[in-house]
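Participant: The residues making up each chain are set out below.
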Amino acid sequence: MGLGQYTDDISLTRQTFAAFARSTVANGQIKKIDALRAEKMPSILAIFTGEDFLDVVGNPAGWLINSRDGEPMKEPKRPVLAQGKVRHVGDAFAAVIAETEEQARDAIDALDVEIDKLPAVIDMKSALKPGNALVHDEIETNQCFD
Amino acid sequence: MINVKMTVNGKPASGSVEGRTLLVDFLRNSLNLTGTHVGCDTSQCGACTVHVNSKAVKACTIFAADADKSDIKTIEGQANKDGSLNFIQQAFQDYHGLQCGFCTPGMVMVAVELLKSNPKPTEAEIRNYLDGNICRCTGYHNIVKSIMAASGQDVSAIAA
Chain V
1 MGLGQYTDDI
11 SLTRQTFAAF
21 ARSTVANGQI
31 KKIDALRAEK
41 MPSILAIFTG
51 EDFLDVVGNP
61 AGWLINSRDG
71 EPMKEPKRPV
81 LAQGKVRHVG
91 DAFAAVIAET
101 EEQARDAIDA
111 LDVEIDKLPA
121 VIDMKSALKP
131 GNALVHDEIE
141 TNQCFD
Chain Y
1001 MINVKMTVNG
1011 KPASGSVEGR
1021 TLLVDFLRNS
1031 LNLTGTHVGC
1041 DTSQCGACTV
1051 HVNSKAVKAC
1061 TIFAADADKS
1071 DIKTIEGQAN
1081 KDGSLNFIQQ
1091 AFQDYHGLQC
1101 GFCTPGMVMV
1111 AVELLKSNPK
1121 PTEAEIRNYL
1131 DGNICRCTGY
1141 HNIVKSIMAA
1151 SGQDVSAIAA
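First to last, the sequence lines map onto chains V and Y. So the first sequence is residues 1 to 146, counted in this note's numbering. So the second sequence is residues 1001 to 1160, counted in this note's numbering.
Please note: incorrect hints may appear among the correct ones.
Over the 10 Å line for every Cβ pair with chain V, so calculated as not near, a few chain Y residues [stated by the list, open to error]:
id	residue
1	R1020
2	S1043
3	I1075
4	L1085
5	H1096
6	T1138
Distance ranges between label pairs, derived from CB positions [unchecked claim]:
id	chain 1	residue 1	chain 2	residue 2	range
7	Y	K1005	V	N59	42 to 52 Å
8	V	Q15	Y	R1136	19 to 29 Å
9	Y	T1042	V	G62	24 to 34 Å
Quick caveat, the hints were computed from the structure, so don't treat them as lab data. Backbone N, C-alpha and C fix where the C-beta goes; we use that ideal spot for every residue, glycine too.
Construct all of the structure, not just a fragment, from the sequences and the given hints.
Facilitator: Here it is, written out as structure tokens:
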């Protein structure tokens, strides 16, 4: 059989493909994303970075909860593409739309990127220690709720 | 570009591919055989399993160019001649051997290979053989049960 139609099985006329550039570090400052070479590659339709979504509110948490003392949880902004900082390995910081998947991926590889690696926390206990790296600077703690 | 010719589900197939084109992408994008799925892109999940010259192979692990002149079988070629499900597919349906169904083509292709070489596998042998196939719904019990049933064995001892 094999006739099921999953999203990836759909093929439409003039269909386009997205590929994402993702962080290879757990915490980093984005210094440069230069798309000059990438945007000149064949069939590249658009290149986006976090800067293109500054006026877009981040992905909301679907389930807001309160701490035991009733205080609402701290909700980070979670931008659709990383802005300024990458916060985990795999954090997407750029997206390319192209006519084929291969061309989109090639353009991602052609981005000229500089990310300064920052100290990261990799376990729960050190995440809570004051002074250690923060995932979301604006929240001033790594504890979302208690 | 490289010209390739192969037999896919008993029919001749040909096309022009890049050196980097994976067999799974050739099957899906050039031949429109989208029953073979890409679940991970890193050769871990087994959703793209096909048969290359009668051996189960993850189709994301070989280039289309390397499959030149090969005999390929995919999930689209597994039904009986009259279009009905083959005995393994039927068992997957009867024993609810799938949840979302995304990994099922790979599971069936591996099961077909297993039962060819080992028509009455034990539960442990089945689980061992499915080592390279991941079900993200974690529906393993019923997959094992389906393969046991397809081999004509009692399934009552397998956990629900």
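Participant: So, for every hint listed, does it hold in this structure?
Facilitator: Here's how the hints hold up against the structure:
no. : hint                        : in the structure
1   : R1020                       : violated, 8 Å
2   : S1043                       : holds, 17 Å
3   : I1075                       : violated, 4 Å
4   : L1085                       : violated, 7 Å
5   : H1096                       : holds, 16 Å
6   : T1138                       : holds, 19 Å
7   : Y:K1005 x V:N59: 42 to 52 Å : holds, 47 Å
8   : V:Q15 x Y:R1136: 19 to 29 Å : holds, 25 Å
9   : Y:T1042 x V:G62: 24 to 34 Å : holds, 28 Å
Hint check: violations occur at hints 1, 3 and 4; the rest are consistent with the structure.
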